[in-house]
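Below, each chain spelled out in residue letters.
There are 2 protein chains.
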Amino acid sequence: MSAPAFERVALIGIGLIGSSLSHAMRRRGLARTIVGHAQTQKTRDAALRLGLVDQACATAREAASGADLVILCAPIGVCGNIAEEIAPVLRRGSILTDVGSVKGAIVRDVGRFVPEGVHFIPGHPISGTEHSGPESGFAELFDGRWCVLTPPPGTDQAAIDRLSAFWQACGSQVEIMTAEHHDLVLAITSHVPHLIAYNIVNTARHLERVTDSEVIKFSAGGFRDFTRIAASDPVMWRDVFLNNKEAVLEMLGRFSEDLTALQRAIRFGEADTLYKLFVEARATRRGIIQAGQDTAAPDFGRHAPAGLAGGSKPSKP
Amino acid sequence: MSAPAFERVALIGIGLIGSSLSHAMRRRGLARTIVGHAQTQKTRDAALRLGLVDQACATAREAASGADLVILCAPIGVCGNIAEEIAPVLRRGSILTDVGSVKGAIVRDVGRFVPEGVHFIPGHPISGTEHSGPESGFAELFDGRWCVLTPPPGTDQAAIDRLSAFWQACGSQVEIMTAEHHDLVLAITSHVPHLIAYNIVNTARHLERVTDSEVIKFSAGGFRDFTRIAASDPVMWRDVFLNNKEAVLEMLGRFSEDLTALQRAIRFGEADTLYKLFVEARATRRGIIQAGQDTAAPDFGRHAPAGLAGGSKPSKP
Numbered sequence: 001m002s003a004p005a006f007e008r009v010a011l012i013g014i015g016l017i018g019s020s021l022s023h024a025m026r027r028r029g030l031a032r033t034i035v036g037h038a039q040t041q042k043t044r045d046a047a048l049r050l051g052l053v054d055q056a057c058a059t060a061r062e063a064a065s066g067a068d069l070v071i072l073c074a075p076i077g078v079c080g081n082i083a084e085e086i087a088p089v090l091r092r093g094s095i096l097t098d099v100g101s102v103k104g105a106i107v108r109d110v111g112r113f114v115p116e117g118v119h120f121i122p123g124h125p126i127s128g129t130e131h132s133g134p135e136s137g138f139a140e141l142f143d144g145r146w147c148v149l150t151p152p153p154g155t156d157q158a159a160i161d162r163l164s165a166f167w168q169a170c171g172s173q174v175e176i177m178t179a180e181h182h183d184l185v186l187a188i189t190s191h192v193p194h195l196i197a198y199n200i201v202n203t204a205r206h207l208e209r210v211t212d213s214e215v216i217k218f219s220a221g222g223f224r225d226f227t228r229i230a231a232s233d234p235v236m237w238r239d240v241f242l243n244n245k246e247a248v249l250e251m252l253g254r255f256s257e258d259l260t261a262l263q264r265a266i267r268f269g270e271a272d273t274l275y276k277l278f279v280e281a282r283a284t285r286r287g288i289i290q291a292g293q294d295t296a297a298p299d300f301g302r303h304a305p306a307g308l309a310g311g312s313k314p315s316k317p
Numbered sequence: 001m002s003a004p005a006f007e008r009v010a011l012i013g014i015g016l017i018g019s020s021l022s023h024a025m026r027r028r029g030l031a032r033t034i035v036g037h038a039q040t041q042k043t044r045d046a047a048l049r050l051g052l053v054d055q056a057c058a059t060a061r062e063a064a065s066g067a068d069l070v071i072l073c074a075p076i077g078v079c080g081n082i083a084e085e086i087a088p089v090l091r092r093g094s095i096l097t098d099v100g101s102v103k104g105a106i107v108r109d110v111g112r113f114v115p116e117g118v119h120f121i122p123g124h125p126i127s128g129t130e131h132s133g134p135e136s137g138f139a140e141l142f143d144g145r146w147c148v149l150t151p152p153p154g155t156d157q158a159a160i161d162r163l164s165a166f167w168q169a170c171g172s173q174v175e176i177m178t179a180e181h182h183d184l185v186l187a188i189t190s191h192v193p194h195l196i197a198y199n200i201v202n203t204a205r206h207l208e209r210v211t212d213s214e215v216i217k218f219s220a221g222g223f224r225d226f227t228r229i230a231a232s233d234p235v236m237w238r239d240v241f242l243n244n245k246e247a248v249l250e251m252l253g254r255f256s257e258d259l260t261a262l263q264r265a266i267r268f269g270e271a272d273t274l275y276k277l278f279v280e281a282r283a284t285r286r287g288i289i290q291a292g293q294d295t296a297a298p299d300f301g302r303h304a305p306a307g308l309a310g311g312s313k314p315s316k317p
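Protein chains in written order, with this note's numbering: chain Z, 1 to 317; chain D, 1 to 317.
Misleading hints may appear alongside valid ones.
In this list, chains with the same sequence are indistinguishable; a pair is considered to hold if it fits within one copy or across any two.
[Stated by the list, open to error] Derived DMTMM-like pairs (lysine to aspartate or glutamate); straight-line CA-CA distance at most 20 angstroms:
1. Lys276 to Asp212
2. Lys276 to Glu257
3. Lys245 to Glu180
4. Lys245 to Glu270
5. Lys42 to Glu62
6. Lys42 to Glu135
7. Lys245 to Asp272
8. Lys276 to Asp258
9. Lys42 to Asp54
FYI, nobody ran anything at the bench for these hints, they're computed from the structure.
This is chain Z alone, in the form it adopts within the complex:
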């Protein structure tokens, strides 16, 4: 790319996604200037120190002012207020987008404040880690992952193409769908998995006959896999569940129905039912690996714990 894709990009919120976007933009020279807003002085200082932003603003309005790309990287619950605050300074012809995990709520809360002539294109990069904050970001976060854009009907095609090219330059593959469909898909691929992970961690913490210490010691039997996503940012996830209620409850209903059937198969010792189901699950895992969305390395390629004997990686991948 000979010239930066954008003159001035405003990151409203500088956590895991905001900071990773900065790294990804710097990697490919996608923005001439990156300005950012964070609520706390501590985060603004960190953003400057880490070189994530050229300018750290105390208000969202100041950051958004004059930007040709504004990216809301804040929890869903506050995006409406931010939109209201920045609306007066949004430039005609600029793009306003976000990275939230629910899109219907963003359309509802943000859409009504978007001035005429500003291209509003909600977005969601399907990537992340369990870590939070400006120091947790890295340029490769979006590489090979999907970014979903949900432009409302009638959105300018050139603006959609420009934002798609931006995400592709950040390493992502881009898919366009409606906000409603996005929220349904993510309910099963992300929201319900997180809910279940939070739930089993909670269940394990409140048992009388098994201690917390035992749960931790013997977590390598499978439980530890769940705790990773249950360590994700609590505010972000609270807002996801409050704002995608309908789709989450629909998918949770299906999950519970299936779990009840599985429970019954165990109670009555239905060996064939269990076996068939377990065999089928392997096909989905293979599909995810073939699609480049996970590693085939055993145990996700985890290293043995540092300081213990034989800390090398498995020799057979």
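Dock chain D against the given chain Z, drawing on the hints supplied.
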């Protein structure tokens, strides 16, 4: 260790655990001779080719004959039959153990065949990967993980100490408890997590409004973490659920009860309930990392998919 701990170790079953035990024994010279039995010629050939065993036997009886340590590394459902077959050739003073994920059923099915003078000490290394078969093993599998032994009351202490030392030399930490307590602990740290993982994969496969292809593409939102353990050996896991029914149903009951409460909190928009629960879950994750049972690296330290731009690991651990 100056001399091998055992003269002749018999591995009855040469899958992930059997083959990893062979590698771990070779690493530290724990056995003068390793013999093995596998049901299929293909696995016996592989075991010889990979150097896992010095001798591959067509029957379990032949392998167990003359061994001073016999380790059952087969699915729980067949261990009773194997015990009956090998009982006549078990040497006085030898140790008979296993690696099964349920211990009550092993005591029930294997215990009754153990001849007088043979030390029967059920065991369970809390480690594994989602891969199966003789080629999936590696020496470091047990490093830093826990191995639980459940010796029946009255078991010879010297034999328990000898088997404990063996597992420690294989890299494990050892804990002694009753079979009943083991089965309860593992129900929550391993069996129910696997069941839930199998269940959500199954739910996702049978939706009408979300396609399989969408589930796979957008799995990086959390779903893919569940598919790893849902790719584990189907026969082994069928046998786990059939043989630890009571504890699994108890823990599943608690899980479902908690999930219903969480579902209700979402339905009625109880923001504080959700937030508090999500914050608490982070403490369990921290405990697991501090105990050396998982990595603190984001995303389990997964690498970016091969062949895509920027496939390096996150620079900030």
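Could you work out which of the previously given hints the structure breaks and list their numbers from low to high? Violated hints: none at all, because every hint is consistent with the structure.
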